[in-house]
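**Student:** Okay, here's what each chain looks like letter by letter:
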Amino acid sequence: MKDFLILKMLDFFSFFYRVMGIDYGVMRKVLQLKLLMDQRRTPSVLMNSKSKREGNAFYKSLIGYGLIGIFPALIIILPIPLFFKMNLFSGMLIVLVAMAMVSDFSSILLDTKDKGILLSKPIKPQTVSAAKITHILINLLTITFATAGASLIVGLFKYGLLFFGLLFFQLLLISGFILFLTSVFYFLMLVLFDGDKLKDMINYFQIILSFVMMVGYQFTGRIFKFVGHNGVLAFKWWMYLIPSAWFAAPFSLFLEDKLENYLIYLSVLGVVAPILLLIVYFKLILRYFEKNIYKLDNVTAKKRKNVEERSVTYKKLISFLVPNKLENVFCRFSQAMISSERSLKLRLYPSLGFATFFPMIMLANSFTGTDLTQALTEIPQGSYYLIIYSTVAMLSLNVLTINTSENYKGAWIYKVLPIEFPGVILIGALKGLILKYLIPVYLFVSILFAIPYGARLIPHLILIFSNMLLLMILIFRLSLKELPFGKEFKVGENSNLWLVIGSFTLCGMSAALHYALKDFGIGLCIYIGAVLFAAAVLWKTSAKITWKDV
Amino acid sequence: MSIEPVVTIKNLKMNFGMKEVLKGINLEIYKGQIIGYIGANGAGKSTTVKILLGLVEGYSGEIKIFGEDISNGNVEYKRKIGYVPETVDIYENLTAYEYLTFIGEVYGLGVEQVNNKAKKLMALLGIEDVYHSRISSYSKGMKQKLLIISSIIHNPDILFLDEPLSGLDANSVMIVKEILAELAALGKTIFYSSHIMDVVEKISSRIILIHEGLIVADGSFVELKEQSSKGSLEQIFNQLTGFNKHKEIAREFINELQGV
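As you go down the protein sequences, you meet chains B and W in turn.
Quick note on numbering: the first sequence equals residues 1 to 550 in the numbering used here.
Quick note on numbering: the second sequence equals residues 1001 to 1260 in the numbering used here.
The hints are simulated quantities; they were obtained by calculation from the structure and are not laboratory data.
Note that beta-carbon positions come from the ideal geometry of N, C-alpha and C, so glycine has one too.
Treat the hints with caution; some may be incorrect.
Computed, partial: chain W to chain B, Cβ under 7 Å [said to hold, decoys possible]: (1) Ile1070; (2) Lys1078; (3) Asp1089; (4) Glu1092; (5) Phe1102; (6) Val1106; (7) Leu1109; (8) Asn1115; (9) Ile1179; (10) Leu1183.
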């Protein structure tokens, strides 16, 4: 079997695993197998499917992370004080890493599939857990270093080798910190809750985490306000609570030789916190993690009495919106799938949370220092509603989420059913997602924005909504046609960088055009009409997909 | 009087890469037959069934179902077909209610209609309690029963069953066998593959044995018995697939296990 370089590197730390009571030899073997499986794509269930792609999507997605890494690298070039600069930098990295952790790696951490294979053998559960967490750590570090690669090089040239070395070490700490912190949280929930409640709690946790991350990152940016005239960042006690300050302090300490007490304490925190979490995880949690994870498979047989009548009513209700009979069936099918599948929700919900909170935080950020009543009178005078386009951009990214499923092998059913054009399956499922999950978020955000603006926001909201429908169908048209819930989820395959860039660019362009036309009643009307027309045409024509296309 | 075959297969060949799985299958299936399709592991049984359903493409040869070539893209024939796959792969995060009504609705049945039917069929097979539970909580036998129900809920004319009895308890096997016999008596065609020779021997009106991608035997059990002068289908199977070393292999296997 292929021996991976990373495993040889891991061998240096084998003593650590042994100290923690883990059978390193077995763990290494399990890890080797996991890495090997990462390299292989599971063949599509429906053979001769066109969507087969060669190569490893995870490594391809690293190019995307490398490109995103240009932004943090730019921060390092900026002529601002070092402590502040590194705060911004580590804040940005923490957000990126944590998002990858929540949206991509949670499903690996909470995976229950390999239990039957591994735990039926004489392998201790903590060894399985250790292999799992190390596997995630390897992937997470790969992502972190891909993202920070540009910054490392820029830093090396600008500040020299010491900076490079420090940053390298800090990257390890940041990844470990995020990984173990989220794992500890997941573990607490596994212990505290059970059954469907547990699944709900995990979803809530992810939404809350994405919210905290957004707010936290804004908070890092807010440190700007505390930069004095001489460009020195004044120390405040609450900095001990901000992880980005922990990871920024050593740079000031070592590169600027500032032997301030608070810098020392912060630096120590940055080292101690991840290591402490690591020890807590390995010493206290590891052994029980696998034991509790079975709870995720527990199914509480809910007696739902009126479910049958309700679904009949619901079918009638949405038949106005989805008149095509087959599309209607697949619309409800996809809603049932999404609402009952954990791993789908694990990826969908955080992103919905982001889309909900992001505009609010943007708005709050523009009005720091002003009180609420003042802000409420000021908002209607500007075009702040254009911020809703950021929600639209983020919501549209979810269009491809429904391609994957834990039970992707069930997709044979599509081919056995008498369906002439699979377009109805794809469009129906997409409509299900949009109607039940994306539109409610849009409406919620719209209503919030309508509070200060009042009824005169309605035409703008209609325009933004039409743009959203257009963008979603564009993404659908331009991406590979794949049957819903038809393939296995693999890390990296959904984080399509071009999709993100495309979605945000199109939203930016729509917002710019919207801004230019906002005061011309007729122009706005024409714009709305044109977008609605384009969206309607695209939606109408998109169902013409043959079996050869999927 | 000439009877039109419901399924006609002419010179069906299929390759997976370099490997030739089917080397020219010729077959005509008639209404009301219960066909036991047998063969060793990897002989091409499941592949044949998957090709007939359009799950696998890239074959050569001609397949007609109800007189219509299935490669012409017309899917109407699938309305009259039911299928139980070999492996129990279902969207098991759904409940039986959700899954069955979904399938029924695609076949064009009304929600209430398919709901009532599904509930009654589940009750008859003794699994009505879990109608609103997620399929992932089912035992293997319960899932198999669900698959059987989902394959016949639209009252198809042909049933393709790949190991339909796996995981079922003895009583359920009796029920399903009886159902198959009754369906055949009603003029439905049943095409099923199995490894359990006793069952095949008892319920099939016609047995087809496939070996290395070719049909090597075709006829009723009585006919096969006459041809090969063996007492049981199992022995006929061994003879036609050229296998007679089971004792030696088993002995070597045990020796290897015990490290002799």
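**Student:** If a hint holds in the structure, say so; if it doesn't, say that too.
**Tutor:** Tested hints:
The interface hint given for Ile1070 (chain W) is broken, as the beta carbon of that residue sits about 12 Å from the closest beta carbon of chain B, more than 7 Å. Using the Cβ-Cβ criterion of 7 Å, the hint placing Lys1078 (chain W) at the interface with chain B is satisfied: the shortest such distance is roughly 4 Å. Interface restraint check for Asp1089 (chain W): the shortest CB-CB distance to chain B comes to about 4 Å, inside 7 Å, so the restraint holds. Look at Glu1092 (chain W): its Cβ gets to within about 5 Å of chain B, closer than 7 Å, so that hint holds up.
Taken as an interface hint, Phe1102 (chain W) checks out: its beta carbon lies about 5 Å from the nearest beta carbon of chain B, inside 7 Å. With its C-beta approaching chain B no nearer than about 5 Å, Val1106 (chain W) sits inside the 7 Å limit, and its interface hint holds. Checking Leu1109 (chain W) against chain B: minimum C-beta separation of about 11 Å lies over 7 Å; hint violated. Annotation: Asn1115 (chain W) was flagged as interfacial toward chain B, and the flag holds, the nearest CB pair being 6 Å apart, inside 7 Å.
For Ile1179 (chain W), the shortest C-beta to C-beta distance to chain B is roughly 20 Å, which exceeds 7 Å, and the interface hint is violated. The closest approach between the C-beta of Leu1183 (chain W) and any C-beta of chain B is roughly 18 Å, which is over the 7 Å cut-off, so the hint fails.
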